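All chains should be built: construct the whole structure from the sequences, respecting the hints.
Protein chains: 2
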Amino acid sequence: MRDVVVIGVGMTKFGKFLDRTLQDMGQEAIWKAIEDSGVQARDIQVAYFSNSLAGLITGQEAVRGQIVLRHSGLGGIPVINVENACASGTTAFRGACLEVASGAYDVALAVGVEKLFCGDTARSLRALGTNSEIELAMMGFQFTAYYALQLRKYMKEYGATKELFARIAVKNSYNGSLNPYAQHQKVLTVEEVLNSRPISDPLTLYMCSSMSDGAAAAIVCTRKKSRQFTSGPLINVASCVLKAGLYRKPGDTSIPNTVTLVAREAYEKAGIDPKDVNVAEVHDAMAPVELLRCEELLLCGKGEAIAMFEQGRTQINGDIPVDPSGGLSARGHPVGATGLGQITEIVWQLRGTAGAHQVHNPRVGLTQNSGGRVEEDTAATSVTILKK
Amino acid sequence: MRDVVVIGVGMTKFGKFLDRTLQDMGQEAIWKAIEDSGVQARDIQVAYFSNSLAGLITGQEAVRGQIVLRHSGLGGIPVINVENACASGTTAFRGACLEVASGAYDVALAVGVEKLFCGDTARSLRALGTNSEIELAMMGFQFTAYYALQLRKYMKEYGATKELFARIAVKNSYNGSLNPYAQHQKVLTVEEVLNSRPISDPLTLYMCSSMSDGAAAAIVCTRKKSRQFTSGPLINVASCVLKAGLYRKPGDTSIPNTVTLVAREAYEKAGIDPKDVNVAEVHDAMAPVELLRCEELLLCGKGEAIAMFEQGRTQINGDIPVDPSGGLSARGHPVGATGLGQITEIVWQLRGTAGAHQVHNPRVGLTQNSGGRVEEDTAATSVTILKK
Chain A
3 MRDVVVIGVG MTKFGKFLDR TLQDMGQEAI WKAIEDSGVQ ARDIQVAYFS
53 NSLAGLITGQ EAVRGQIVLR HSGLGGIPVI NVENACASGT TAFRGACLEV
103 ASGAYDVALA VGVEKLFCGD TARSLRALGT NSEIELAMMG FQFTAYYALQ
153 LRKYMKEYGA TKELFARIAV KNSYNGSLNP YAQHQKVLTV EEVLNSRPIS
203 DPLTLYMCSS MSDGAAAAIV CTRKKSRQFT SGPLINVASC VLKAGLYRKP
253 GDTSIPNTVT LVAREAYEKA GIDPKDVNVA EVHDAMAPVE LLRCEELLLC
303 GKGEAIAMFE QGRTQINGDI PVDPSGGLSA RGHPVGATGL GQITEIVWQL
353 RGTAGAHQVH NPRVGLTQNS GGRVEEDTAA TSVTILKK
Chain B
3 MRDVVVIGVG MTKFGKFLDR TLQDMGQEAI WKAIEDSGVQ ARDIQVAYFS
53 NSLAGLITGQ EAVRGQIVLR HSGLGGIPVI NVENACASGT TAFRGACLEV
103 ASGAYDVALA VGVEKLFCGD TARSLRALGT NSEIELAMMG FQFTAYYALQ
153 LRKYMKEYGA TKELFARIAV KNSYNGSLNP YAQHQKVLTV EEVLNSRPIS
203 DPLTLYMCSS MSDGAAAAIV CTRKKSRQFT SGPLINVASC VLKAGLYRKP
253 GDTSIPNTVT LVAREAYEKA GIDPKDVNVA EVHDAMAPVE LLRCEELLLC
303 GKGEAIAMFE QGRTQINGDI PVDPSGGLSA RGHPVGATGL GQITEIVWQL
353 RGTAGAHQVH NPRVGLTQNS GGRVEEDTAA TSVTILKK
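Chains A and B, in that order, are what the protein sequence lines are. Taking this note's numbering, the leading residue of the first sequence gets 3, the next gets one more, and so forth. Taking this note's numbering, the leading residue of the second sequence gets 3, the next gets one more, and so forth.
No lab work stands behind these hints: they were computed from the structure. Among the hints, a few may not be true.
Where chains are identical, the list cannot tell them apart; a pair therefore holds if satisfied intra-copy or between any two copies.
Below, computed lysine-lysine pairings styled on DSSO-like, alpha-carbon distance capped at 27 Å [as the list claims (entries may be wrong)]:
#	residue 1	residue 2
1	LYS271	LYS226
2	LYS188	LYS15
3	LYS304	LYS158
4	LYS271	LYS227
5	LYS389	LYS227
6	LYS164	LYS34
7	LYS390	LYS227
8	LYS18	LYS277
9	LYS271	LYS158
10	LYS15	LYS34
Nothing here was measured: the structure is a model prediction, and the numbers come from that model.
This is how it looks when you write it as structure tokens:
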């Protein structure tokens with residue numbers, strides 16, 4: 003396999019944009035990435051397009067990528083439309099990296115776009131169901147309830163409190179306030195978070211990621227060819243690992259955590275130890291879930307994420323900043339774009355160009371992006387390690 | 003890149019199965035492929051899942067592959083959901099081959115499933131629209147009309163007649179009658195085809211592929227490892243090329259044919275000449291379109307497909323049998339499964355196990371699978387060359 007580097011990234015602001023289309027947002031992200039990378043559109047040899055819900059939301063079910071890419075100058079190349087719920091973005095990124103690493107192509111684009119606001123909230127919420135058969139028909143069970151159950155277990159085991167959870171949402175709202183691409187830029191107070199509408203105890207509205215529209219893109223290239231296009235900083239793709247969950251069978255009382263399995267493989271492939279990670283964007287669809295993800299990613303031991311947070315270590319100026327962008331709860335979570343938004347953030351952090359929410363001189367960054375559920379396990383989880 | 007071989011294939015009968023689910027059909031195809039290949043479920047290291055329309059038809063929009071694969075014994079591996087309209091199946095196959103060729107994994111599964119019959123024909127037809135914005139909102143233009151325009155041009159240029167078109171549908175209905183997996187097994191007469199309901203002149207109902215449910219799967223492996231699993235015949239993946247169309251811009255009056263561009267690259271990568279092809283499954287969504295595809299694939303010159311057909315060369319016992327399975331019009335066209343159905347057919351032909359519709363001792367087989375449209379061009383076209 004050949005060395006792969008990210009030579010360009012681009013993203014739109016995430017938010018509620020009723021007047022923007024998938025094509026409009028996708029092309030903004032693509033053209034920013036093209037400009038950032040120094041390539042011409044004709045240099046791009048293959049494109050991975052991620053989107054999760056357009057079929058149900060806009061009615062565009064088939065060949066979504068080709069519809070978005072038309073008139074972009076990117077015709078006549080393989081376009082692979084991929085989907086993995088909230089992990090669609092890194093599924094696209096992994097595909098683009100594999101094309102380049104394998105030698106199939108030298109320059110690949112990954113772009114993720116999602117439009118959740120369509121003027122019909124009920125339609126958007128129906129589209130967000132993970133398993134139409136089980137969740138909607140059999141259980142009436144939504145993913146907010148699933149996260150709430152995980153958090154209640156964590157409270158019981160490690161003494162975490164609802165007030166602590168609120169403080170994590172506050173941290174991320176502060177980070178988001180420094181990020182011009184974030185959907186939510188108001189700094190929240192603990193009281194505001196605790197007093198916002200209850201969603202599924204202990205979760206309140208301001209702890210949860212909201213619906214979002216947006217797009218993000220990355221251009222990857224062989225290390226060898228990259229200097230033809232850019233004299234700027236190269237960000238190495240040290241590893242990008244994706245797995246579906248293990249799916250419990252009747253009688254399985256304990257199976258390994260999928261995030262941990264994926265993370266171990268990502269660290270090993272990247273030749274690093276978890277303690278080498280300097281900055282992380284994790285999949286905190288609900289802000290306090292950040293604690294669980296830090297532990298599952300082995301950034302600290304079981305139950306230790308509480309102290310890590312209390313000591314300020316996960317803040318922008320801490321030694322292991324987590325979600326400096328604001329994370330899903332503040333930056334926003336346009337499903338198929340989220341993974342590439344995380345990649346874009348980490349590329350900016352490693353280049354030192356993240357602006358007001360820049361962390362101190364990181365050399366190794368991580369993203370964790372998970373999506374969907376099949377019974378009690380994640381449907382798709384990925385961990386990507388990027389190095390300066 | 004490493005040599006990739008197909009070690010197992012499996013498919014369901016295609017047809018109208020109101021009582022079958024995506025999971026049920028998908029797992030039948032997978033388990034037939036597993037049995038055929040000699041692998042165990044736990045040997046499969048990565049899975050590509052193709053489906054085009056379940057979001058709109060069954061309501062299952064996200065993580066379709068994981069939903070189908072659950073309880074199959076295939077947990078804990080990367081599952082990549084891909085979509086490329088009617089070319090989704092070979093998009094999945096190409097992905098599986100790239101994983102193995104690149105060295106990322108040694109054993110990969112590609113499975114395609116589609117369920118078009120849902121008891122609501124209007125819903126199925128709406129889902130089949132290629133570009134919701136342009137076709138439905140702006141033009142009211144369906145893909146049958148697009149094929150009819152192509153055929154009328156061909157009639158004018160080369161003197162093809164509607165009666166000739168009907169005879170191609172008859173040939174394919176005969177092939178389908180010999181294929182137990184085919185949706186339509188009745189041998190049609192020229193009169194029946196011509197007198198069937200007009201769809202879009204010159205197309206009549208019996209020239210067109212109909213809605214279909216079904217699944218097909220293939221397991222690919224490195225040549226090196228394949229003998230751990232099977233002592234059966236190995237089918238080499240000589241090439242598998244996928245491209246989106248070139249998308250005309252205002253002022254483009256003539257651009258190269260995408261099928262021809264893709265075919266040239268596939269022949270070159272496989273190190274063969276078009277005349278080396280012994281059997282072909284082409285994307286004849288409308289039976290007479292087979293003529294155009296043969297020419298675009300360079301199996302004969304421009305306008306020469308008429309004589310090739312008249313001389314009986316494309317029949318099962320001809321020297322270049324085309325669509326021995328019955329093709330899309332007789333075997334059926336379950337969108338996301340079609341490409342893998344073609345691969346399965348060619349694997350059986352090369353092994354000499356196709357049964358009543360076996361062609362004489364082929365050594366090189368080809369599939370052409372195309373899907374979707376963006377303006378006047380194909381959204382995704384692939385050509386796969388398999389060798390004994």
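Now for the hints, and whether the structure bears them out:
1. In this assembly of identical chains, LYS271 and LYS226 lie within 27 Å of each other by CA distance both inside one copy and across copies; the values are 20 Å within and 23 Å between.
2. For the identical chains of this complex, LYS188 and LYS15 are intra-copy neighbours only, at 15 Å inside a copy versus 57 Å across copies, given an alpha-carbon limit of 27 Å.
3. Taking the closest pair of Cα atoms, LYS304 and LYS158 come within 27 Å of each other only inside a single copy of the chain (13 Å); across copies the shortest separation is 74 Å, beyond that limit.
4. Taking identical chains as interchangeable, the C-alpha atoms of LYS271 and LYS227 lie at most 27 Å apart whether they share a chain (23 Å) or sit on different chains (23 Å).
5. Within a single copy, LYS389 and LYS227 get their C-alpha atoms as close as 18 Å, which meets the 27 Å cut-off; across copies the closest is 33 Å, which misses it.
6. In this assembly of identical chains, LYS164 and LYS34 lie within 27 Å of each other by CA distance neither inside one copy nor across copies; the values are 40 Å within and 51 Å between.
7. Taking the shortest Cα distances, LYS390 and LYS227 sit within 27 Å of each other inside one copy (17 Å), while across copies they are farther apart (36 Å).
8. For the identical chains of this complex, LYS18 and LYS277 are neighbours neither inside a copy (37 Å) nor across copies (56 Å), given an alpha-carbon limit of 27 Å.
9. In this assembly of identical chains, LYS271 and LYS158 lie within 27 Å of each other by CA distance neither inside one copy nor across copies; the values are 35 Å within and 60 Å between.
10. Taking the shortest Cα distances, LYS15 and LYS34 sit within 27 Å of each other inside one copy (12 Å), while across copies they are farther apart (47 Å).
Checked against the numbered hints above, the structure breaks hints 6, 8, 9 and satisfies the rest.
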